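As they're listed, the protein sequences go chains X and P. At the far end of the first sequence sits residue 525, using the numbering used here, and the numbering has no gaps. At the far end of the second sequence sits residue 616, using the numbering used here, and the numbering has no gaps.
One should not assume that every hint holds.
Straight-line Cα separation of at most 20 Å, SDA-like style, residue types lysine to any residue; simulated pairs [said to hold, decoys possible]:
| id | chain 1 | residue 1 | chain 2 | residue 2 |
| --- | --- | --- | --- | --- |
| 1 | X | K218 | P | P564 |
| 2 | P | K567 | X | S227 |
| 3 | X | K173 | X | A184 |
| 4 | P | K567 | X | P210 |
| 5 | X | K29 | X | D101 |
| 6 | P | K567 | X | G314 |
| 7 | P | K567 | X | L230 |
| 8 | P | K567 | X | R223 |
Label pairs and their calculated CB-CB ranges [unchecked claim]:
| id | chain 1 | residue 1 | chain 2 | residue 2 | range |
| --- | --- | --- | --- | --- | --- |
| 9 | X | W484 | P | G536 | 34 to 42 Å |
| 10 | X | P245 | P | P611 | 57 to 65 Å |
| 11 | P | P611 | X | V156 | 32 to 40 Å |
| 12 | X | R214 | P | V592 | 25 to 33 Å |
| 13 | P | L546 | X | A315 | 28 to 36 Å |
| 14 | X | G99 | P | P611 | 30 to 38 Å |
Don't read these hints as lab results, they were simulated from the structure. Computed from a prediction, not measured in an experiment: that's the story for all the values here. By construction, the Cβ of each residue, glycine as well, lies at the ideal position given by its N, Cα and C atoms.
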Amino acid sequence: MSGLHTWAGLLLGWVLYAMFLTGTVSFFKEELSQWMRPEQPRLTQPLDPAVVAQRVADEIGAIAPGATQWSIKLPDGRSNTVYAFWRLPGGGPGARGFGQDLFDPVTGHRVAARLTLGGDFFYRFHFQFYYMSPFWGRLLAGLAAMAMLVAIVAGVITHKKIFTDFFTFRWGKGQRSWLDAHNALSVFGLPFHVMITYTGLVTLMALYVPWGERAAIKTPAERQQLSAELNAFAQAGKPSGETVPLASIEAMVRQAQQRWGTTDAGRVNATNPGDATARIAVTRGDAGRVSMSPDYIEFDGVTGKLLAVHDRVGAAAETRGVLYALHLGRFSDIATRWLYFLVSLMGTAMVGTGLVLWIVKRRAKLPDPERPYFGFRLVERLNIASIAGLSIAMTAFLWGNRLLPVAMAERPFWEIHVFFIVWGLTLLHALLRPAKAAWREQLWTAAALLALVPVLNAVTTQRPLWRSLAEGDWEFAGIELMCWALAALHAVLAIRTARQPAGAAAGRKAERRSPIGTAAGETAP
Amino acid sequence: MTALRRARVIGPLVSRIVAALLGGYALAALFSVAVLALPLSKPQAVLTGQLASFAICTGVVIWVFAVRSALKAWIGLLIVAAALAPLAWSV
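In isolation and in its complexed conformation, chain X is listed as follows (with noise of 0.2 Å):
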């Protein structure tokens, strides 16, 4: 079983890692994404959602006259945009017209800040990669996923004693602290990390196990049936041609509010808009429910009537809708926010010190320890370039945010392809540095990038920390005082590297003083 638990988080612990930290940073995706376009205002009151919807309705219908369907998703007091799209009659099959935009919700107007996918990227990143399809990207991340869940019962399996271990840290032992350290930080976070894998597995269930979908649903009418299970977007009928204006939104809009009480409308739908057979949906909002299941109310979109409710699922939908709804955890307030963004964390610390024990456990085992075998240097490298290389890589998106052309071409596209080139560097660098070196080296450059992000921003923009901090810009000061915890958390584990005296000594001594150390040990499955 330890060795199930070994090879089960060994073989995919470096995109489980990477996958950790990117969907870690993602709960904060939308604060992330307001530091990334600075040019944006910062909202300094909360707005009726129902004037916004209105507004950015109107803008849309003047961009895209005849768009068939459009979604805006109305703003929730964390993001200082509006994000919309809308589908446009194609011509043939597969040339159906798409587009999407953001909006500032006080104007109405498309943003004009500098182009970037903002927080979006580490969002879709976590769960699709990118340079490969989605469709081969969710498939590795699913596949990355269900081996955690292994190794996680696994885990539990192998370690027994969970509760004696927990209180037990023994700092300074080589082997034995790295080992106490993934028990910890396993055990305190468990609920949590096999929730947020099973839950992760659910947002794209319909994608891993679709033989249940092929053999019952065969009719339009039964496929019907089960998306009303799972979303609020009902399909466009056919448009009648009659020309007809759209009823007010904000009318709707505010109905809705009325009748969710303090909650307010989380998206506003429409299908065949300016047509005669206009439909307008008003979906509710992700706070004060845990759930994601379809809870939204139909209105005719030229009279204005409301025509129906729909706001139950059945039991099994119910529970995908809050299954992922855990996941995502947009339900929550702030304080729960950040409690979930510290448990993620030591998700990923987690991952993290099982890579490691992997290593500190087989060098103590070497023959010779100068020239260790092919496996041991390649999991050795790998593990600097995905751990250290990461944090640097990362950082690197954002000071490409800010050091890149604001009028490039493309620009999104190369903040993007910043983080991967640096990243590339770093595994360059692993490979050709001696281990701890690297190590050292790179956690000290994730450490200095960091701890220059507020100076960066300070340079290159109009709003400084201390400018933040002064008007309670709690979104931009927020991102920048993270930067400086997270250098800080660099620079303890790049002193405490350096302080390690050489591995395989270090390895041996402690392997010598408990000889019982093989919880996690390598034995025959």
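Given chain X, put chain P in place with the hints provided.
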């Protein structure tokens, strides 16, 4: 180590890995179809099967590595598959 002894050590391990990877997914997929035989509405049955499939896949992998021999692991998988197959077929 002679080639024969090597094969005797590695063979069962490879067998278990294959049983875990293929068997885990196959039983999960089979279960997700067999659920359709339950008296549930179609969308609910489809979703129930999908939701439970990951737990089943995990359980299978753990089982395959927990039992005493690779042969027992395969027999266990086949028994469960034989129980689920008629249900899945009836859909």
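Okay, the hints, checked on the actual structure:
Restraint check for X/K218 and P/P564: satisfied, since their Cα atoms lie roughly 18 Å apart, inside the 20 Å limit. A threshold of 20 Å between alpha carbons decides the hint, and for P/K567 with X/S227 the separation of about 12 Å falls inside it, so the pair holds. A hinted pair counts as satisfied when its Cα atoms are at most 20 Å apart, and X/K173 with X/A184 qualifies at roughly 15 Å. This hinted pair checks out: P/K567 and X/P210 have alpha carbons roughly 14 Å apart, not beyond 20 Å.
At roughly 17 Å between alpha-carbon atoms, X/K29 and X/D101 fall within 20 Å of each other, so this suggested pair holds. At roughly 11 Å between alpha-carbon atoms, P/K567 and X/G314 fall within 20 Å of each other, so this suggested pair holds. Of the supplied pair hints, the one linking P/K567 and X/L230 holds, its CA atoms being roughly 13 Å apart against a limit of 20 Å. A hinted pair counts as satisfied when its Cα atoms are at most 20 Å apart, and P/K567 with X/R223 qualifies at roughly 10 Å.
In this structure the hint that X/W484 and P/G536 lie 34 to 42 Å apart at CB is violated, the actual value being about 55 Å. In this structure the hint that X/P245 and P/P611 lie 57 to 65 Å apart at CB holds, the actual value being about 59 Å. Distance hint check: the CB atoms of P/P611 and X/V156 are about 34 Å apart, consistent with the given range 32 to 40 Å. Remark: the range hint 25 to 33 Å for X/R214 to P/V592 is upheld by a beta-carbon distance near 32 Å.
Evaluation of the 28 to 36 Å hint for P/L546 and X/A315 yields a pass: the beta carbon distance comes to about 32 Å. Distance hint check: the CB atoms of X/G99 and P/P611 are about 50 Å apart, inconsistent with the given range 30 to 38 Å.
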